Amino acid sequence: MIYAALFYAIALFTVAGAFGVAFSENVVYSAFSLMATLLGAAGLYVFLGADFLAAVQLLVYVGGILVLTLFAIMLTHQISDVEVSNRAVGRWPALGLVGFVGIAMATALVRAPWKVSGEVVAKAAGEGTTYGIGDAFLGPFLLPFELASIVLLTALVGAIVLSRKEIRD
Amino acid sequence: MIQVPFGTAEWQSIAPFSLVAIGGMIALLWAVFAEERPGTTSVMWMSQAGLAAGLVATIALLGSEKASFGGTFALDGVSLLANLVFLLSASMTLFMAQGHLESMGVRAREFYPLVLFATAGMMIMGAARDLVILFLGIEVMSLAAYVLAGIHRRDPGSTEAALKYFVLGAFATCFLLYGIAAFYGATGATSYDGIRAGLASAPRAALIGGVALLVVALGFKAAIVPFQAWTPDVYQGAPTAVTALMSVGVKAAAFVGITRLFLDGLGPLHQDWQRIFWVLAVLTMTVGNVFALVQGNVKRMLAYSSIAHAGYLLAGVAVGTSRAGGAVLLYLFTYAFMTLGAFGVLIALGTGEKPNDDLDDLRGLADRRPLLAGAMTIFLLSLTGIPPLAGFVGKFYVVESAVNAGWFWLAILLVLNSAIAAYYYLAVIVAMWMRDPIGDEPAWESRPYLAAALLAATVGTVLVGLFPSGTLDFARHAFASIVR
Amino acid sequence: MNFQFANVLVYILLGAITAALMLGLGWLLRPSNPERRKLSTYECGEPPSGSAWINFNIRFYLVALIFVVFDVEVAFVYPVVVAFRDYVLQGKGLLVLAEILFFVGILFVGLVYVWAKRDLEWVKQVRTAA
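Residue numbers (my numbering), protein chains in the order written: chain B, 6 to 174; chain W, 1438 to 1921; chain Z, 1042 to 1171.
Keep in mind that the hints were calculated from the coordinates and are not lab data.
None of these values were measured; they are calculated from a predicted model.
Built from N, CA and C at the ideal position, the CB exists for glycine as well.
Check each hint, because a few of them may be wrong.
Heads up, simulated DSSO-like pairs for lysine-lysine below, C-alpha to C-alpha not over 30 Å straight-line [what the hints assert, rightly or not]:
#, chain 1, residue 1, chain 2, residue 2
1, W, Lys1601, W, Lys1791
2, Z, Lys1133, W, Lys1503
3, Z, Lys1158, W, Lys1601
Residues from chain W that keep clear of chain B, each with C-beta distances beyond 10 Å, as calculated [said to hold, decoys possible]:
#, residue
4, Ala1489
5, Ala1490
6, Leu1551
7, Leu1573
8, Thr1758
9, Asp1804
10, Ala1859
11, Tyr1860
12, Arg1872
13, Ala1888
14, Ile1919
Bound conformation, chain B alone:
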């Protein structure tokens, strides 16, 4: 009972944050609403038994990427009153499209008899996932683990190249 109430409270918190991101007129407020969404998502991961993922969500997304987003907003000239050159299609068609995709995905999620489901969550919740993830990184996912560092290196170099002030001569 408390468990379900807690879940719905966190879910509401997450969705409310998402609405704030989408509908806020001021992009700085959008960024702060994003924090609510990211925190809520971390809470939802806990409910799925993904404790490590929840911690990483806080560490990387709330602690890192959100800060980066705020810096990016703050260092853009006159970001709070931009004139958007591309006209939006309008809210009603967008609502229809998003609604259709959302309903289709939700139906598939609920209806399909997934292979990976409840028992995995229960097992993970019992013993934690950190050890298992580390074990997988050293076992069957060794190559993806090492490749991730190449992805990070490329991202680092690329981001620096694009955002560094160019020295003019």
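Model the placement of chains W and Z on the given structure of chain B, informed by the hints.
Frame of chain B, contents of chains W and Z only:
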């Protein structure tokens, strides 16, 4: 604790892309620590050395066929032949960029290492037999490609290209991840072997959804209609050397990834995806060709033409036999030479101030620079599919495999589309040879590296056209063990 | 399930209650005497000027960006380290250590790169070509 053996097969399978990636890192550090050295020639040669190391490893391994990392990473004919295409296009890109970037005022030496990282990503994609590895390969390649598209930072077109490519590419990545999640949820595996094994008992709705999501994500990378909207702007805005890499290397990597994923991992679902690819292939070639007809800018025209070629390639994937797989691989080989060459000619026409890539700028080129016009003519005739050039054999074997498998309408539509394409390719040839030039002759620079790359592309276009059988047999044989 | 996360929840609740209690008590006890100047930002007694939203220096962004990359690196290495002990007991410690070092080493190249490019320095020394 599941132990995955790490032995000879593992070392051999990662050697080609690792050497390229390590070469990229050395070139990166060299680019920083040798900052005082004027010019970028030394960084270029360092990077070429990295590519050469990958090439040596690839050639040394040719013929070996091994599964590594528990079957999630392949070392076979397909990955090795694909490596040749990637390494070739990266190497030619580096040669063509030399001098071209400096004359435009691009100072970032990271260009060269980033090309190597992109190449390593392509090689990972070509060998991936696990959706997670495929995803990481795509990310390495794409992250580098986004930055390369925007490397000319003072040019608004280049910045626009990078931004569009990045935002839409990140969106496509979401589709890829949702698709991977769908397959993992439905079959309990991300490796192709595991997915194949789990398909029979998996829920059908999840599989259809997963296939649709993966088609969107990979279709974006390969610029397939209706996921092609970014292509013309990005290809036109990016520096031409980067455009060449994107339209050859990135596209080839996407197609090798698509071919391996659908023919191998999702082979049992072929009745589902074959229909999707049939429709998308016809749509892609038609839209690409029709829009290419009305372009006044040759670079943009080539962007649309690359969409049309993606349609021809996708037709081969739709046929889905091992014969067709071999034809697709051969097509990628031929496509690499002629497309790199065509973009190389456009680079040669550009000066520091102006790109000179409108159709009007090419008028009368035969009088001013007959050799360059001659090379361009060969590339365009090859793109049209005139025998005995490379483009003809590529198309011929795709059509042959379609007819062989009973896909007559697909073959007919492909041939009709090639006829439309002839119009706009020949228009450029007519402008070069039969029209009078407009305006004064631009102050062209002499670029020996570019000239060498163009010579290599010309020789390749002619030679592959004359002697395709060796490559074709190898490619068909490579696919024989994949299509089960 | 997930009872170890109950302390996180208790912690959050305690924090929320404390804040609500403080504000609520203040709201109950203070006299109501609204004035416009009370709503302005407190800047050491000086009247505030300009907007708080100014353009940040791009250095903030670069440093944050480099931070995020290494943040993710830590997130990747952490679970491996948790599983490391069992591998050591099995006698595979050196192999696994090599694998971790390989991962860290690739990113070390990135660190050397940003360091040598002086993107870590706050005031960047621009070398002028003599």
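Problem - Violating hint indices (sorted, rising) - result: 6 and 7
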